[in-house]
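There are 2 protein chains.
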Amino acid sequence: MNKSIFYHAGCPVCISAEQDIVNLIGTENVEIVNIGEIKSRIPEAENAGVKSVPALVTPNGNALHINFGASIDDVKA
Amino acid sequence: MNKSIFYHAGCPVCISAEQDIVNLIGTENVEIVNIGEIKSRIPEAENAGVKSVPALVTPNGNALHINFGASIDDVKA
Numbered sequence: 000m001n002k003s004i005f006y007h008a009g010c011p012v013c014i015s016a017e018q019d020i021v022n023l024i025g026t027e028n029v030e031i032v033n034i035g036e037i038k039s040r041i042p043e044a045e046n047a048g049v050k051s052v053p054a055l056v057t058p059n060g061n062a063l064h065i066n067f068g069a070s071i072d073d074v075k076a
Numbered sequence: 000m001n002k003s004i005f006y007h008a009g010c011p012v013c014i015s016a017e018q019d020i021v022n023l024i025g026t027e028n029v030e031i032v033n034i035g036e037i038k039s040r041i042p043e044a045e046n047a048g049v050k051s052v053p054a055l056v057t058p059n060g061n062a063l064h065i066n067f068g069a070s071i072d073d074v075k076a
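Protein chains in written order, with numbering that gives the first Met the number 0: chain X, 0 to 76; chain A, 0 to 76.
For reference, chain X alone in the conformation it holds in the complex:
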């Protein structure tokens, strides 16, 4: 199985969700990307269908939005 990618922006709800996801999926199966810090990866997230963070992009390419933390537009600002 390819890795999932968990996109977040450092907000409290993101960190909480990140810990849950890592616990559930296993740290070796998910790449964590903070697009608040690494803004160069925002286009990649958008192309994957990420509309808000935190979001998990699965190995088969589905973007699962988890809770509603911050709009991706807020992260860009």
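Worth flagging that the hints you see were computed from the coordinates, not collected in a lab.
It is possible that some hints are incorrect.
As the list makes no split between identical chains, a pair holds if one copy fits it or if it spans any two.
[As the list claims (entries may be wrong)] Below, computed lysine-lysine pairings styled on DSBU-like, alpha-carbon distance capped at 35 Å: (1) LYS38 - LYS75; (2) LYS50 - LYS38; (3) LYS50 - LYS2; (4) LYS75 - LYS50.
Given chain X, put chain A in place with the hints provided.
Below, chain A alone, put in the same frame as chain X:
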């Protein structure tokens, strides 16, 4: 690890998310509950903090809302 519980209501986005979650976490680690069919379990979901479905309640009790499919109030109706 205790099981997670995935609450859904049979909507297309729920089914899609269900397949992703089962693939990621493993079918043996998650109980799938269709609260559209088993309405007696809606109070349990609400007590766990589920505001919309699909949602995943983790073993440590966090409710992760995935996408936004249907309001739990719509399922009651």
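Outcome of the hint check:
1. LYS38 - LYS75: So LYS38 and LYS75 pass the 35 Å test inside one copy only (7 Å; across, 41 Å).
2. LYS50 - LYS38: both (15 Å within a copy, 31 Å between copies)
3. LYS50 - LYS2: Both, since 20 Å and 29 Å are each at most 35 Å.
4. LYS75 - LYS50: both (12 Å within a copy, 28 Å between copies)
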